[in-house]
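Colleague: Sequence:
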Amino acid sequence: MKILPGSTIGMLGGGQLGRMFTIAARTMGYEVIVLDPETESPAGKLASDHICASYDDQTALDYIAKTCDAVTTEFENVPASTLEALAKTCPVRPGAQAVTITQDRIHEKSFLRDNGFPTAPFTVIHSLEDLQQGIKEIGTPAILKVSRFGYDGKGQFAINAVNDIEAGWKTLQGEACVLEQRMQLDIEVSVVLARGLNGDVVTYTIAENVHEGGILDVSIVPARINEELANKVTNAARQIATSLDYVGVMAVEFFISNGELLVNEIAPRPHNSGHYTLDACVTDQFEQQVRAVCGLPLGDTTLLTPVVMINMLGDIWHNGKAPEWSKLLDHPNIKLHLYGKREARAGRKMGHYNVVASTIDEALQLAKKTQQALSKP
1 MKILPGSTIG MLGGGQLGRM FTIAARTMGY EVIVLDPETE SPAGKLASDH ICASYDDQTA
61 LDYIAKTCDA VTTEFENVPA STLEALAKTC PVRPGAQAVT ITQDRIHEKS FLRDNGFPTA
121 PFTVIHSLED LQQGIKEIGT PAILKVSRFG YDGKGQFAIN AVNDIEAGWK TLQGEACVLE
181 QRMQLDIEVS VVLARGLNGD VVTYTIAENV HEGGILDVSI VPARINEELA NKVTNAARQI
241 ATSLDYVGVM AVEFFISNGE LLVNEIAPRP HNSGHYTLDA CVTDQFEQQV RAVCGLPLGD
301 TTLLTPVVMI NMLGDIWHNG KAPEWSKLLD HPNIKLHLYG KREARAGRKM GHYNVVASTI
361 DEALQLAKKT QQALSKP
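Per our numbering, the sequence shown starts with residue 1, numbered consecutively.
Take these hints with a grain of salt, some might be off.
[What the hints assert, rightly or not] Keeping only pairs whose Cα atoms sit at most 25 Å apart, straight-line, the calculated DSS-like set for lysine-lysine is: (1) Lys376 with Lys321; (2) Lys2 with Lys66; (3) Lys376 with Lys327; (4) Lys369 with Lys321.
[Unchecked claim] Here are the simulated distance ranges between beta carbons: (5) Gly214 with His126: 15 to 25 Å; (6) Gly320 with Thr27: 24 to 34 Å; (7) Met1 with Asp114: 26 to 36 Å; (8) His318 with Ala65: 43 to 53 Å; (9) Gln365 with Glu166: 41 to 51 Å; (10) Gln365 with Ala53: 43 to 53 Å; (11) Ser48 with Val124: 37 to 47 Å; (12) Pro377 with Glu212: 13 to 23 Å; (13) Pro37 with Gln365: 37 to 47 Å; (14) Glu212 with Trp325: 19 to 29 Å.
Calculated from the structure, these hints are not laboratory results.
In this text, all values refer to a predicted model and were calculated from it rather than measured experimentally.
Ideal Cβ placement from N, Cα and C applies to all residues, glycine included.
Given these sequences and hints, build the entire structure.
Modeller: Pasting the structure below:
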């Protein structure tokens, strides 16, 4: 059954992804109730209602179950038990089973391996002894990643030599981890897609991604890869979504190493590398999330123009002072998106901007020029 405008959608999570979803949903005529424990929730500021409570608060969950016609999430670390409980009274998309797999690196890597999707060599680590044996098997350089709650390069430790083993285990505080071989990368890419209730899948144009310090810095669209490789990326992402029986918007990140395609991570939500869709596609990823959650036909994902997306971190708020926005807004083909976060901190995502142009080279040139200008006090 289609859930139509005038209905209420519950959003679990109140960060920037929830905020952009809320904008899309309210523009389309839906009410949005945000559950987020932060008082200064970026999404909560724009929602019909903000419930400031934890994700397992029973009173809050009872209210959402009673009030909402459907529920979705903006990040993968909502407890699966919360999704299961809400699913008893209203549609929850994506469902608990898919989120359970993708919120835990051990589950995710095992799912990919068991379903025949190529990844970098990895092994599961539960003890220092496991880590010592894992290094013997995988070798160095390698990366040790916590299984839960790691993002934007957090919860990771580079093991470049045997001497790093004990320091890595102590740094990650003995958490369950995945040890991955560090691959020589040609390029990193990602694809955002949506899968509907009827199993239909639509994909967006592949993004070429550059990271700095483990955080996405630049996305270039379309990615500068050949058609054969692009087809492999898109087909693999479609197959992953289908294997998960996924409903909603998701992203799959890939490494390309020595010409070979490797799956890096699955994000069960809209993705930072899909922010270009806000200004360069017929249907952006947040409207698409609304459509998938509400059982509507999926929107057209056609790319209308080459585009470069630049992430803006709190580092460019020098001494707490906001950047000089005219450096961006003086350019008519730059689109600024700020997330409504009150406090700027180093490494914190504060916003992004999209540069559209007739060619990738033009867009990239202006994007880099303005990025350098904003970095100066």
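Colleague: All hints are to be evaluated individually against the structure, with a verdict given for each.
Modeller: To see whether the hints hold, each was checked on the structure:
1. Lys376 with Lys321: 12 Å, holds
2. Lys2 with Lys66: Measuring from Cα to Cα gives roughly 19 Å; hence the hint holds.
3. Lys376 with Lys327: With a Cα-Cα distance of about 11 Å, the restraint between lysine 376 and lysine 327 holds, given a limit of 25 Å.
4. Lys369 with Lys321: Distance of about 21 Å is within 25 Å: holds.
5. Gly214 with His126: 15 to 25 Å: 24 Å, holds
6. Gly320 with Thr27: 24 to 34 Å: 32 Å, holds
7. Met1 with Asp114: 26 to 36 Å: At roughly 34 Å between Cβ atoms, aspartate 114 and methionine 1 fall inside 26 to 36 Å, so the hint holds.
8. His318 with Ala65: 43 to 53 Å: This hint holds: roughly 46 Å between Cβ atoms.
9. Gln365 with Glu166: 41 to 51 Å: Because 46 Å falls inside the window, the suggested range holds.
10. Gln365 with Ala53: 43 to 53 Å: 47 Å, holds
11. Ser48 with Val124: 37 to 47 Å: With Cβ atoms ~43 Å apart, the hint holds.
12. Pro377 with Glu212: 13 to 23 Å: Holds, since proline 377 and glutamate 212 (Cβ atoms, about 19 Å apart) stay within the stated range.
13. Pro37 with Gln365: 37 to 47 Å: 42 Å, holds
14. Glu212 with Trp325: 19 to 29 Å: 22 Å, holds
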